[in-house]
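Q: Each chain, written out:
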Amino acid sequence: MKVGITGINGTDNPGPGFAIARSLKEADPTCEIIGLSYDINDPGNYMDFIIDKSSTLPYPSKGAQIYFDKLYEIKKQFGLDYIIPNLDAELPLYIKYQQELKDKGIDSFLPSKETFELRDKERLLKVAQKLGIKYPKSACVANEAALQETIQKDFEFPLVIKGRYYKAYVVRTMADALRRYYEIVAEWGTPIIVQEFVTGDEFNVVGIGDGHGKSLGMVGIKKLTTTSIGKIVNGVTIKNEPMINTASQIVEQFKWRGPFELECIVNQNDVYLIEINPRFPAWTWFATAVGVNLPERLIKYLQGERVEYKLDYPTGKLFVRYTYELVTDIEKYSQLAMQKEI
Amino acid sequence: MSNFSHLAVNDNGFLFDPTSGQSFTLNTMAQEVMSAMKEGKDVDQIARELSHSYEVSYESAYEDVLEFGTKLKLYGLSL
Amino acid sequence: MKKKKYERPVIQKIENNYYVKHGVSARGYQKKRESIDNVKIADIVKKFGSPVFVFSEKAIREKFKKAQAAFKSRYPNFQFGWSYKTNYLKGICSIFHQEGAIAEVVSDFEYDKARALGIKGENIIYNGPYKSMESLTLAASENAKIHIDNFDEINDLEKVASKLDKKIPVTIRINMNTGIYPQWSRFGFNLESGQAINAVKRIIAGQKLLLNGLHTHIGTFILDPKAYGVAASKMLGFMDEIENEFGLDIEYIDLGGGFASLSHLKGVYQPPEIAVPSIEEYADEITRPFINNKKRPRLILETGRHLIDEAGYLISTIVGQKLLCDGRRSYIVDAGVNFLYTATWYTYNLELEKDTDGITEPSLINGPLCMNIDVINESIMLPRLERGDRIVFSPVGAYNVTQWMQFIRYRPKIALIGINGEMELLREKEKLADVESCERLPQRLKFSDES
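Residue numbers (the numbering used here), protein chains in the order written: chain B, 67 to 408; chain C, 23 to 101; chain X, 6 to 456.
Calculated from the structure, these hints are not laboratory results. Given the structure is predicted, the values throughout are model-derived calculations rather than measurements. One or more of the hints may lead you astray.
[As the list claims (entries may be wrong)] With a straight-line cut-off of 20 Å between C-alpha atoms, the simulated SDA-like cross-links for lysine to any residue are: (1) K10(X) / Y80(C); (2) K9(X) / E85(C); (3) K321(B) / L368(B); (4) K187(B) / K9(X); (5) K179(B) / G234(X).
Turn these sequences into a full structure, and let the hints steer you where they fit.
A: Next comes the structure, spelled out in structure tokens:
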């Protein structure tokens, strides 16, 4: 069995690829992992203990034909039965062409276009309403004047400045708000979302929906410490009823298909929806380590296995993330640069 | 004329400079021009040799070798 | 002795983002184009020279038929207007008129053009923020569909009505919030603030004009079809409101244009085939509120870019190249932003006529102007190209051959590849006499080098 995995990037914002590769290898050591990256510096390219082959891909922005031709070439030369894409920027491409990929023998398990678009922060309000939970008061702004006017009229500090898809900052002054506004606009463009800052415990759930309203498993955690950009450093498994209910509702009501990560803030019985990511998060291996191997379940589901999974994992398990180094030869780097694969 | 006499290009056309940590890629013709430079040949001589063995005019080869030298200079690879 | 094949020597440092992200080999990543509608690029250049704009008649007709079918199958009371400003070459307009589009013009010049092409006044929609008294008088006397932009224009048209001694049927343009950024609020009367209803009241009070249509145009290159659904619902709601209140009879609602083409807008990450909705998606959103409305007025659309952009190509030739001091390679081609005005906002497909391989270099494509801004592509990885190599840019069918400028060079030929592959000329290359035909030289300034 050969599985292609993207998101094997590292640095401050770790990609989910390693967690998935590790989970699949633990389930079946004979499974071969093809690491797919957009950058020859990505650590996954050199982690030959969980990634068997590395190949670089053209950017999705280059267009579908060039992109998928490369995947078909990999399939022809090395073999490729399944693909698990993990980056937001590439998902629209995979979602649109999943049937074509399947016809060519590369199967995947992805959300529909409609559910993928629910992650759009402009649509989350409607999602929250449908789920009967809260959504922090939000407004879209597209220029500096509108930002200032909106904040003065409708918001109080502290508040959150967010990009449409990426980045979120808590700001306490107008000057801070403007600085973050321009920072996000420069990278991701307008509109920018101004959002009420809600307090409470931030909970996360990783899970998979089967597309028919059932879950292939989920694990809930609380992040204990995070990096400055909100990435988990330490975390603990929990079972919080409002949180689990919300995740189950997402799977059931939206007939969610594929992996997801739910971020919510729970204050007493109030649940605020913060984000839904239509893919595995970087901490997916945490779930594997407590007995819920979601990448394995995803592949088995694609292979036709149908199992009723109960919500079953131990609470109070602690997750500790650390960095790890390896040394290899510059030849590998050169080979990846020249031949686009090792 | 060059400070790249200590550099070796591998089979892939990959060149790693252990003094600066920089990496380069060269096509076969660039490798050939580089060896000629290492031997101390000047632009005129290299261009003559290229136009003798390859489908290229002396003028065109001269221009290319000259530009190759400029590129090396840009990369800090020649004195 | 047989000489060996030569390849220019290339050394490239693996340092910049391009290499780290894309690798260094050209193989597989470069798009190629040898022909347009099976007519070889080489044959086109042989016949028309370089640079040359090329339009595909087949592509135009197929696109139009597909769009027409998408709307008519959902909502039969539908009409396309051809947006002249997008491309007002006679040959191009004629194809759209043959396919059944009426004309949509935005200036007296465009109005004259449509009339000269044989379009009757009643089949011309006359839009735009400035219409001269003369052109309003002409348009009103020829029963054109006049779309009012502002209160001054209501006054002007009432004067025309008195002069012609007839009640003039008119449409008002409305702007509204559809959730699109930026909101186009400078054209027409604003809906939410009550300006639109005031315009209706003003027209009724004047008793000289007869309001029988509503028009809006929410923006350009709109990637979210739902915005059109919002616009359609709001327009229908407004129609119902004013019909009930004032006993008007609205014959048509014109939802303007703004559909995206398969062009890559700078700043949009996803490739066009992902980011750009299909015509069916637009049609679904737009027609749904019409189908569900009790009264179903005629629906008019005048979406220019979507219909013509992909049918247009520009073939250009590399005329020079140089190594820049930052190590990038600059290719100078014979067509620049003087002909590709929209290069400011869009990154075109760049296709090479020949096969390429070898090491790629960070390159940029510059036009032939003596201006630093003459850049068609500021950052692209290309294998080493040669002088004389052809580059095909696309899609360039929308706006370029109307917004282009005659700056220091003659504008090139425009060709049409006909349905049967015939190569026909749509516009000659400019000559000195063409450019100077409007100039007048006072006698006293006449100069001769002879004396």
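Q: Run the structure past the numbered hints and jot down the numbers of the failing ones, going up.
A: 4
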